[in-house]
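Engineer: Listed below are the residues making up each chain.
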Amino acid sequence: MKKITDWQYICMLILNNLDLIMQIKEIAKTLDATIVVGDEATLSTEVKYGFATDLLSDLLKIDKNKTLLITGLATIQTIRAAMVMDVGAILLVRGKKALPEMIELARQNQMVLMEYKGSMFKACGILYQAGISPVY
Amino acid sequence: MEITVKKLAEHLQLKCISGCDGLQKVVRGVYVSDLLSDVVGHAEEAQLWITLHTHPNIVAVATLKNLSAIIISGGRIPESETIEASEKQQIPILLSSQTTFQLSGQIYRLLYADNEENRIS
Amino acid sequence: METFEFTIKGGDFKSIGYVSNTIKKIMHARNINPRDSRRIAVAIFEVETNIILYATQGTISVLFDNDKITVLARDEGMGIADVALAMREGYTTASDDIRRLGFGAGLGLSNIKKNSDITWISSIVNKGTQIVLIFFLTLVL
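Chains as they are written, first to last, in our numbering: chain A, 1 to 136; chain B, 137 to 257; chain C, 258 to 398.
Calculated directly from the structure, the hints in this document are not laboratory data. Among these hints, one or two may not hold up.
With beta-carbon atoms standing in for the labels, derived distance ranges [to be verified]:
1) B/GLN149 to C/ARG345: 24 to 34 Å
2) A/GLN8 to B/SER173: 34 to 44 Å
3) C/LYS282 to A/LYS64: 13 to 23 Å
4) B/SER216 to A/LEU99: 45 to 55 Å
Don't be surprised by glycine CBs; every beta carbon is placed ideally from N, CA and C.
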């Protein structure tokens, strides 16, 4: 984990207020996540917000674009709920694997699907430190 | 030095609404999940649990796994049965208006930031 | 007025979200305001989820007018004993199986109400439920 000095921390706070944007490929690199669905174009998509939940009804309440969904619910319903919410990028945590039908649907709809071996806590922790904002 | 639920709650300005006699419990890590079966299967003893659930089953799960406390995120309010159960089991329930994502991010920084001043342990 | 109808099988978990996403694509093709499109898709998602999780079968009809979209849903199944109670956030009758699928947070009906302009729900226990939702569209000039 990178060491953060005081002034870097202050800069990060400022950046948070300036709405830091990361490309999905940077997120994958930061977490060392596996990209299961994604190409050069979709991996260059910007992400501003992170939203972590295992409950789809909770996802249905967000109102921001450029959001990364962080979830341990590796089901096709997750992909559909993400589509309804225009969430184009999903990070599966806890070492969960994407099912073939999920991969197919994500690919058909030009989404990005990534797998992360670590916990939801760690994914949120790392991305929050990196400057990704909460949806509210 | 060990971190207690109380210390974390103070740093994060979280309100304890029930089971507050258990605030002196030591925290050994954090588990973030809204799937009860996942928490039952993978959470570890003395962890702090962050979830959006408000029903009494969360206390049952926390008791079963010997978790230190539960933080309910997103400004949600627990049901009265949940509050009763938490009092009975002395498992603190803390409330946060923040999203699970932000709450996790802040706790992560408090516990694991390399910068000594940001860390509370 | 154009109508799209869908038949839904109870227990067909893999289809959750199919109707809402299909309607979403239709709305997109008709240049419906993205705000409206999202809230309508969310409401339909919750409606179809409820039918699949709690009913034996159901239908959803979506009627497109120039200034509004109407959603009619009816199902056969366990019904809702107390609609007002069921509308409360956090209230759920979900089983463990349903929770394992990531549902059952008790947010479905309240999400439906929040997103629609007119919400009408009628239900008879052990018979079924009928829902009428009206969404007034903000026309893009």
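Engineer: Just pull the numbers of the violated hints for me, sorted ascending.
Structural biologist: Failing hint: just 4.
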